[in-house]
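Taken in sequence, the protein lines are chains A and B.
Those letters in the first sequence? Residues 1 to 967, per our numbering, in order.
Those letters in the second sequence? Residues 1 to 272, per our numbering, in order.
Bear in mind the hints are in silico, worked out from the structure with no lab data behind them.
All residues carry an ideal CB built from backbone N, CA and C; glycine is no exception.
Any given hint might turn out to be false.
As the list claims (entries may be wrong) - Derived lysine-lysine pairs resembling DSS-like cross-links, with alpha carbons at most 30 Å apart: (1) A:K474 to B:K4; (2) B:K46 to A:K110; (3) B:K121 to A:K671; (4) A:K474 to B:K44; (5) A:K51 to B:K121; (6) A:K671 to A:K917; (7) A:K474 to B:K26.
Unchecked claim - To list a few chain A residues with every Cβ distance to chain B over 12 Å, as calculated: (8) Y42; (9) K148; (10) T593; (11) P601; (12) G928.
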Amino acid sequence: MIYRVEIKHKKGIVDSHGMSVFKSIIDLGIKGIKKVHVAQVYNLEGNITKKQADQICKDLLVDEITQNYRCVSIQNFKPSKIKKDLHVAEIAYNTGVMDPVEHSTIKGIKDLGIKKIQSIRTAKIYTLYGNISNKNMDIIVNKALSNKLIQHVVDYNAMDKTLSFTDSKYKCVLSHVDLIGADDKKLMKISQDGQLFLNINEMKAIKAHFKKLKRNPTDCELETIAQTWSEHCYHKTFRGNIRYTETENKKTKVKTINSLLKTTIVKATTDINKSWCVSVFHDNAGVIKFDQESNVCFKVETHNHPSALEPFGGANTGIGGVIRDILGTGLGAKPICCTDVFCFGSPDMPFDKLPVGTLHPKRVMKGVVSGVRDYGNKMGIPTINGAILFDDKFVGNPLVYCGNVGIMPKDKVFKKVLKGDLAVVTGGKTGRDGIHGATFSSGELTEESETVSSGAVQIGDPIQEKKVLDALIKTRDQNLYNFVTDCGAGGLSSAAGEMGEKLGVRIDLDRVPLKYEGLNYDEIWISESQERMVFSVPPNKIKKFLSVCSDENVEATVIGTFTGNKKLELFYEGTQVCDLDMRFLYEGNPKITKEAVWKKPAFVDPKTKPSKILNENLLNVLSHYNVCSKEWVIRQYDHEVQGTSIIKPLVGINCDGPSDASVIAPKFGSKKGLAISNGINVMYGKIDPFWMSASCIDEAIRQVVSVGGNPERIAILDNFCWGNPDKPDRLGSMVRAAFGCYETAVGYKVPFISGKDSLYNEYMENNKSISIPGTILISAIGIVDDVNKAVTMDLKEAGNYIYCVGETFNELGGSVYLDTLGALGASVPKVDTKKGMKTFKALSKAIRQGLVRSSHDCSEGGIGVALAEMSFSGGLGVTARLDKVPYKGTYKKNDAVLFSESNSRFLIEVSEKNKNKFEDLLKGLPFGVIGKVEEGQEFVIYGLDGQPCVNIYTEDLREAWKKPLRW
Amino acid sequence: MSKKVKVIVIRTAGTNCDEETAFAFKAQGADTDLVHINRLLEGKTKLDSYHILAIPGGFTYGDDIESGRILANELRLYLIKSINKFIKDGKLIIGICNGFQVLVKSGFLPGLSNKKINSFKDLPQDVTLISNDSSKFEDRWTYLKTDGKSIWTEGLGETVYYPVAHAEGKFVVKSKKVLEELKKNKQIIFRYCNFSGNKPVYPENPNGSIDNIAGISDKTGRILGLMPHPERHFSFTQHPFWTRLERKSDFGDGALIFKNGVNYAKKNLIKG
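Isolated chain B (complex conformation):
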């Protein structure tokens, strides 16, 4: 009997998409633990014993100062070693919405630097996520064009439909060079688009992200961060107009992301 894939979904004050994210992994066959960041900081829980790290959506620490900043600091100041090892071991990380903000602000995404990482100073922040151009929190469904290279999105259709729900999701880069590099490395995984897959206008691009970027990965394709919520389109009946559609499957567009993660881990990270 093969070992089961183990997923750690971390949470802290203000995390709030933890249970549905955990459910999405569980429903794809993984053993999933919801763990408070305090347990990792205390060392009571070891990151090492998991294959997938998920940072779910929410308002960690109230989005105070700016979204994701305080949790990002906890990761890069206190857990950098174990996360680094986790990445080096070929394991997987996904950050959704607030989790994406955390990965970006801690520098783990897009991870362009080739430097050896000894401290958080070696993790420069190359991109950021700021207030939507509308200056409002908005919950709405977005069409996304898939691109780039990530183990998380293999087999996903050319466009998918996920909801966004955020106030600070506008993707901004430090320089043109960063954007060029993201393109060159095939790190841009999701772009907002319109219904027919073409260039969007507001609200199809809900926040004003440059190059309509909704999600990126690291250079290996194993770390994924995105503003839209695939866990909110896990099942067919979460689609905003499923009552108009023919039911071909009980799953929605988001389920495959979690399946890909679990399958990859099963194949590559579990021996025997």
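Isolated chain A, as found in the complex:
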């Protein structure tokens, strides 16, 4: 029996959900709608009576103070008559897609004593009031109300007979793939048809291996090899060989690189050789020392492709994934904060300019932000900062970087699987999620289904993962296991495979708990269902391990054993379906050599003709999407849960100023803190990726230093997002960016501790490929020795001096200012690590001595933006003089001094009392007293000629900065 419950707001109760849907319809440019109402639907299935269904409504589903409901059995259901000027669409999840509230609603019903409930599917009824054409209604349904990859419009004439997704029980039929008998053409066909993404050399290597064994591989063996050797898991490009040709000023250099990763990123860390780097590059996250008892670990992952297709689910599972990386670092760390960085197409992009098949950037952004909010907030992990960039080249491939920091006792860093340990899977059940993407979930998906990659249609369950976290910390602290790792891409195949690499493992796939019947052995093995972790538990501790999990309502199941025979053996109901040699699996991948070419582009700097008064220019720069306030996003994240917040993402007298880095004190009662920041700038990379990397590293470091971080205790992560690396120009720019990483990290003695790459970010439209601009994200984690000494960027007191520390060059290339004039330029900001480090150390000392009242680094928009932000965040005025700025350019114009984005610079506020002490610390460094903090609202900057070039009220600056993304 199925009962259908419809719940509506009572008259007079604000339908806030309806109002936000109304707003997103207005965003589509569709007029004629007066209002929107949203009603909630629960379909309840089970052997229950009408009386019980009513009890469920009254005691669980309905808030009778604000809601009305009607409950009917599905046979008696008749949809309400649709009146004139009323449009109704009921949106439900597709079969097979997890309904996020099903699990807890069933629990709630069972709590009422009604045990015969079987399944629940929810839906939402959108009622639109107004005059809308059918065509527009279609647009609204597809662009504002639903995503057809996971949802559909309910057809009242063909209601489901049953809610539960059932399939007949699977009977094992072992299937082999004929490789031995295949020629090259056939081999490639097998790779393509099976979505294996293996190239011809790899297919031939696999064929040769099985020829030696005198048998063909099973489908499962071939899938396992493909997963293990995939770009995603094996990082073929970064680990392979590259022939790199660089042309600059008509000179050409050729270089052969054996593993870009080892010769740049890893080499930097080895050369720097810091004793506080505890575990780098070989675990799920990099680990550094925090204090005498604890270490911290940091990882940033990308989840780009899934987020392009289903922004909410993509970002949601992206966060879930990186949190599991932290849970699976060493013997497990407790996540203490998230940091997230996104790149989108412009939110103003006209709908007719959108490439076919892409979602509008504004919709992508709203979905991604909701996905992050949902997962991070529900897990109770503060999202303490991030960045958002816009560039139209991201329209087909938005970038979603999800970062997480964890803390762990120092004796929990290293782990080793022992022979005889049991393999235990915990957390979520396994379904078809992420296997061959969306094809299975709905018949409606046709052309698109083919191109949808795995993982596209998943929605996370943060509460499941929170339970896993609670159980993990408990079992870790009782020493109940020897190893743990997460199920990420590749699912069990990568987790169990990685754990068994040294010893060998036997897994019985029929023991894996399933969401529903019908999965075959191969699907179980490669499913990417979320919220699962795999543990290796010694047999004498298994009872205790399972009992602690059960105390926390976490499902835990023994699925295999680590054997010691160095083989990967998989069984399904006794039939062996996989028998692979671990050495072949992990070392048999043939090395490839890729071509890479970088030619210095022939850009020139435009001749700007700055007007005498630059008010308009400053306002335009402040309103640029890459500069303006992201408060709309930040407020939706809980950035204070766990009670560790010291410097919040928004600071100042009105809690709306942009903090440089965020600071948390992760241990109650300890003054030791962590500062987290991100450096990202795609504009510089368009001119020269080397200096993009250098600038991003500089930015990440100086933000940490600016809030009080110790410049000698900073570690960084790299995250490369590029286009197709098989195209020499894409790879060439990436190689050059990696060189920039090496030089700058070594120059600053700031080690990389972990990293990630996401390649093939290109979007095909009409056989033309749009590549994202090569984008590097540098994320920094720095130790703050005493959080009581931390500094914020808002001006504090009238009468104080404002210093500019560091040199300004004519480096407008790639600047926001030139972008507002429609130009890119050529003179990209460079980095001098020797001078930069001296500045960082001096400033850090001044902060520790309490001499600094406020500090703000100069980034996008240069001194102009930094000074404006300090002023309105502190609610104080400013007078400043550009002729006092240490300026080394020959191009002596006000706009260059005001908006140049030279690196390693800070604006510092110092009181009269501390002036001399502060200047003593800066001896030998370039600095100038450029102005004073003033009472009142006036913001005045005098130009190089001594005449005012900016003269404006701080409130106008604030408004220009806050307006663009005030959604």
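Start from chain A and add chain B according to the hints.
Just chain B, lined up with the frame of chain A:
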């Protein structure tokens, strides 16, 4: 030597402000246990052995159906007797954010009915907390005007500054009569206000609560529920612009709430 005040902070799937809430009580001298609701349901842990029950913030069961509903049902269906005894014994309860939602939806707050409580049917729900008018989750700091009569807020300044972080915090009453009664009984403890203590507009009232209500108590003043998070302003450096302020104490506006609870229990609930 006097016995120590014992605090139970309950947690379940999705609770996430448990550790900082426990720390706030611990730092004020209480013995604090973090206990999974399962242990109370199984009877392995007895509510009776504690003086203060704290229901912390979070997203219990994902806020599915509506915030706090499923945990509220667990309390009113399975623990009603022991909670009732706990209240009758003069003990203390605090619910913060999700904990407030739970207390309201289980009917323990505002507790207007004078009926003897035998089953959950005797605990009618008179008020509720629904989606913010903005329809968004928002984390922001709010000024709160203190009012009413509760042992938890004694000595608190006329206005305090706590952050809110919720999507469903709009306080709504069943009828005008309920609101009148809350006023008459001095059960309205916190109201959102602006910087100078006057009537707020959005976002000073972050959710559209009627009468700007942010927190209420029961008739005895011993059960407190509030949407804002006092445990997030426990120490001075949690203030969003502490770097602009002179440090007069290491504590923030929220610390006194926990101190009041612990001191009250010490004085009234511990013998000898």
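Comparing the hints with the structure gives:
| no. | hint | verdict |
| --- | --- | --- |
| 1 | A:K474 to B:K4 | 26 Å, holds |
| 2 | B:K46 to A:K110 | 23 Å, holds |
| 3 | B:K121 to A:K671 | 49 Å, violated |
| 4 | A:K474 to B:K44 | 18 Å, holds |
| 5 | A:K51 to B:K121 | 17 Å, holds |
| 6 | A:K671 to A:K917 | 25 Å, holds |
| 7 | A:K474 to B:K26 | 21 Å, holds |
| 8 | Y42 | 9 Å, violated |
| 9 | K148 | 24 Å, holds |
| 10 | T593 | 49 Å, holds |
| 11 | P601 | 43 Å, holds |
| 12 | G928 | 24 Å, holds |
Checked against the numbered hints above, the structure violates hints 3, 8; every other hint is satisfied.
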